[in-house]
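Asks: Protein chains in written order, with full-length UniProt numbering: chain A, 1 to 398; chain B, 1 to 320.
Please note that the accuracy of each hint is not assured.
[What the hints assert, rightly or not] EDC-like mimics (lysine to aspartate or glutamate), calculated; alpha carbons at most 20 Å apart, straight line: (1) A:K85 / B:D182; (2) B:K94 / B:D159; (3) A:K63 / A:E334; (4) A:K321 / A:E309; (5) A:K85 / A:E334; (6) A:K357 / B:D161; (7) B:K248 / B:D292; (8) A:K83 / A:E309; (9) A:K389 / B:D292.
Calculated from the structure, these hints are not laboratory results.
So you can see what is in the structure, the chains are spelled out below.
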Amino acid sequence: MLPSCARTFGKKALTQKKALGLLSTAKNNYATEASFETKPFRLHNLEQGPSTNVIISRDDALKYYNQMHTIRRMETSAGNLYKEKIIRGFCHLYSGQEAVAVGIKAALRPHDAVITAYRAHGWSHIMGVSPLGVLSELTGRQTGCARGKGGSMHMYSQNFYGGNGIVGAQVPLGVGIALAQKYNGTDGVCVTLYGDGAANQGQVFEVYNMAKLWDIPCIFVCENNGYGMGTSAERAAANTAFYTRGDVIPGIWVDGMDILAVREATRYAVQHCASGKGPIVLEAATYRYSGHSMSDPGTSYRTRDEIQEVRQTRDPITSFKEKIISTNLVTADELKTIDSEIRSQVDEATKKAKAEKEISMDELTADIYANDIEEQIRNIGPFNPLPHKRIGPAVNLK
Amino acid sequence: MFQAINNALNLALKSDDTALVFGEDVAFGGVFRCTMGLQSKYGSSRVFNTPLCEQGIVGFGIGAANMGSTSIAEIQFADYIFPAFDQLVNEAAKMRYRSGGQFDCGKLTVRAPCGAVGHGGLYHSQSPEAYFAHTPGLKVVVPRGPVKAKGLLLACIRDPDPCIIFEPKTLYRAAVEEVPVDDFVLPIGKADILLEGDTVTLVGWGTQVHVLLEVAQMAKSKFNISCEVIDLVSILPWDREAVCQSAKKTKRVLIAHEAPLTGGFGAELAAAIQEDCFLHLEAPVVRVTGFDTPFPHVFEPFYLPDKWRCLDAIRNLLDY
C-alpha cells in the first residue's frame with residue numbers, strides 16, 4: 001500500500017511542478033523555463049534574503065547538469081587512478097559537493113575571483129581547467145594545469161587562485177584578493193571558500209574582522225560537508241551555524257545540495273558585495289561521499305547507511321535531474337546523450353593523463369624565485385648543477 | 001613504530017593522571033593510528049579531538065602545562081606546525097626565562113610526523129627541525145625506529161622543558177623492532193654510534209640513518225673502507241662531544257638530512273666540527289641534503305639525499 005501511495009503522491013507533486021513551468025512553449029515539447037521553490041534560507045543580520053523562487057532556463061539546466069556530471073565523472077576517474085597507484089600522494093575528491101561550485105560559478109561575473117582549499121578538482125574545472133588539465137595534474141604529467149608540480153591540492157587558472165594545502169590558510173588570501181578588487185575600482189568580488197573544519201582556524205576570524213572593518217567585497221563560503229577530516233562539525237565547533245560566525249558580518253545558510261538555491265544565494269551575495277555593503281558569509285550545507293582524502297575510507301566516523309541515505313535523498317545531481325526532467329526542460333534521453341559524451345570525454349582525458357610525459361628534470365629548479373640572484377640553485381649534486389629558470393609569466397600578473 | 005608510540009602514550013596516560021592527549025582526529029586513532037584505542041581506555045576527557053587549529057592546539061597545551069597537566073599534543077603533519085610556530089617559539093620556549101623561573105610549560109610535548117613518505121608532495125613531506133633548533137628553550141628529538149620512539153617520547157613527556165618530537169612518518173609502518181614492554185626513557189641530547197669505523201663519519205637522524213647504514217655497507221664493498229655511522233637522535237641539544245670525537249678519529253665527516261641545504265641543521269654541525277676538529281680534518285665537512293627547492297611533488301626521488309648521492313660524496317671525501 002504505502003509505496004503505491006507514495007508514488008501517487010509523487011505524481012501529484014510532479015503535476016504541481018509542471019504547473020509552475022513558465023512560458024512553456026509547445027515547440028519540441030520543451031519548456032524553455034521553469035521555476036522552483038528552494039528550501040528556505042536562514043539569515044543572519046539580514047532583513048531580507050534571496051528569493052526562494054528561482055527560475056531556470058533550459059540552456060542553463062543543460063549547462064549545469066553537464067558541469068556537475070563532468071565533475072562527478074572526473075572525480076570517479078581520479079579515485080580509480082589513485083587506486084591503480086597512478087595518482088600518488090594526496091587526493092581529495094569533490095563528489096557530493098558539485099552543486100556548490102557549479103551554483104556559485106553560475107552567479108559570478110567574468111571579473112570575479114575564487115580561492116579555495118585543497119578539495120580543488122571540481123573548482124579548477126569549473127574555473128576553466130579541462131578534465132585533462134586536472135587529471136594530468138593528478139598524475140603528475142606535463143599536461144597538468146600546474147605542469148604536474150602541484151598535484152591534487154594546487155591547481156590554478158585565470159581568476160582562480162588555487163588550490164591551497166594548509167587548512168584555513170587561503171581565507172586571508174581571499175580577503176586580500178577582494179581588497180585589491182576594491183582598490184582597483186572594479187565591482188569584482190572574491191569568493192573565498194573553506195570547510196567546516198577550517199572554520200575553526202584563528203586566521204579566519206582575524207580576516208572576518210578586517211573584511212568588515214574595511215567593507216571588503218569578500219564572499220566567505222563555508223562548504224559545510226559535515227566533517228573536518230574525521231571529526232564531525234558538532235564535535236569540533238561550539239557554534240555550528242557557520243553562517244552566523246562572522247558576528248557583525250551578515251550571513252546566509254543555503255542548501256548546498258540544491259544548485260539553484262546556491263546560485264540564488266550567490267547572486268544575492270554578489271549584489272551585496274558589489275554594492276559596497278562589505279563582506280557576507282554563506283554556509284552551504286553539503287556532503288562528501290568519499291573520505292577526507294584517499295587514505296581515509298571515510299567510514300570510521302560515520303556509517304555507510306548515512307552516506308547511502310544522502311546519496312539516495314539529497315544527491316545534487318540526481319535531484320537536479322529529476323527536477324529538470326519533470327518540468328519538461330529536458331528529456332531523459334537528452335541527459336543520457338550528455339552522460340555518454342561526458343563519459344567518453346573523461347575516459348579520453350584519463351587515458352591521456354596516464355600516457356603523457358612528465359616534465360623534464362630542468363624544471364626541478366624552475367619557478368622558485370621570480371629573479372634568482374645566484375642563478376643556480378644550491379645543492380643539486382649528482383647532476384650538472386641546474387640553473388634556475390622561469391617557465392612563464394604568472395597567470396595573475398599577465 | 002606507530003605501535004611503539006601508542007604503547008608509550010598508553011604508559012604515559014596510565015602512570016600520570018594529569019596526562020592529556022589531544023590533536024586533530026586523535027580520538028579514533030589519528031591518521032597514522034598512533035593513538036588507537038586510547039580514548040576508549042582513558043575516556044574522552046583525557047584523549048580528545050581538537051578543532052583544526054594548530055595555533056590553538058599548542059597554545060591550549062601550553063596553558064594546560066602551565067597548570068601542571070602533562071600535555072601531549074599531536075600536530076597531524078609537521079608541515080602544519082607553522083600556524084603554531086609563534087606559540088612554540090615565542091610562548092613555550094621563553095616562558096620559563098621571561099618569568100624569571102616562576103612559570104614554565106615543561107610538561108608540554110608536541111608530536112609531529114615529519115619527512116618524506118614517497119608521495120607526500122609539498123605539504124606532507126617537510127622536515128622542519130632546523131627552524132626549531134634555532135630556539136633556545138625548546139628540546140627537539142627525532143627517533144629512527146620503534147625503540148627510540150618509545151624511549152624518546154616518554155623522555156620528552158617527562159622532561160621538565162617543552163619538547164618537540166618529529167616522528168619520521170615513513171617509519172610508522174616500515175620500522176619494526178622488538179620493543180621492551182616496560183616503561184623506559186632514553187636520554188635526550190645523546191647521539192648513538194650505530195656502527196664503528198675509522199675512515200669516514202656519517203651523521204644523520206630519523207629515516208636518513210637507515211640510508212647511511214646502507215651507504216656504510218656499500219662503501220665497505222666498493223671502496224674497502226669502514227664508516228662510522230652516528231644517529232644524532234637529538235637536534236636540540238645535540239651531542240657535540242660524540243660527533244667531534246668521531247670526527248677527530250675518522251678525519252672525514254658527511255652529514256645527511258632531508259631538509260634543504262641552506263640553513264639546515266647540518267650547517268650547525270659542520271660549523272661546530274670545523275671549530276673543534278679543524279686540524280684533524282683531511283677534507284672539508286660535506287653535507288648531502290635535500291635541494292634548495294620547495295619539496296617537489298614529482299621529483300621526490302631526486303630531491304632526497306639517497307644512498308647514491310651519499311656514496312658519491314664519500315668518494316669525493318676520500319679523493320680530496
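Asks: A separate judgement is required for each hint: does it hold in the structure or not?
Replies: Hints, one by one, checked against the model:
no.	hint	verdict
1	A:K85 / B:D182	violated (40 Å)
2	B:K94 / B:D159	holds (16 Å)
3	A:K63 / A:E334	holds (12 Å)
4	A:K321 / A:E309	holds (18 Å)
5	A:K85 / A:E334	violated (35 Å)
6	A:K357 / B:D161	violated (51 Å)
7	B:K248 / B:D292	violated (30 Å)
8	A:K83 / A:E309	violated (25 Å)
9	A:K389 / B:D292	holds (14 Å)
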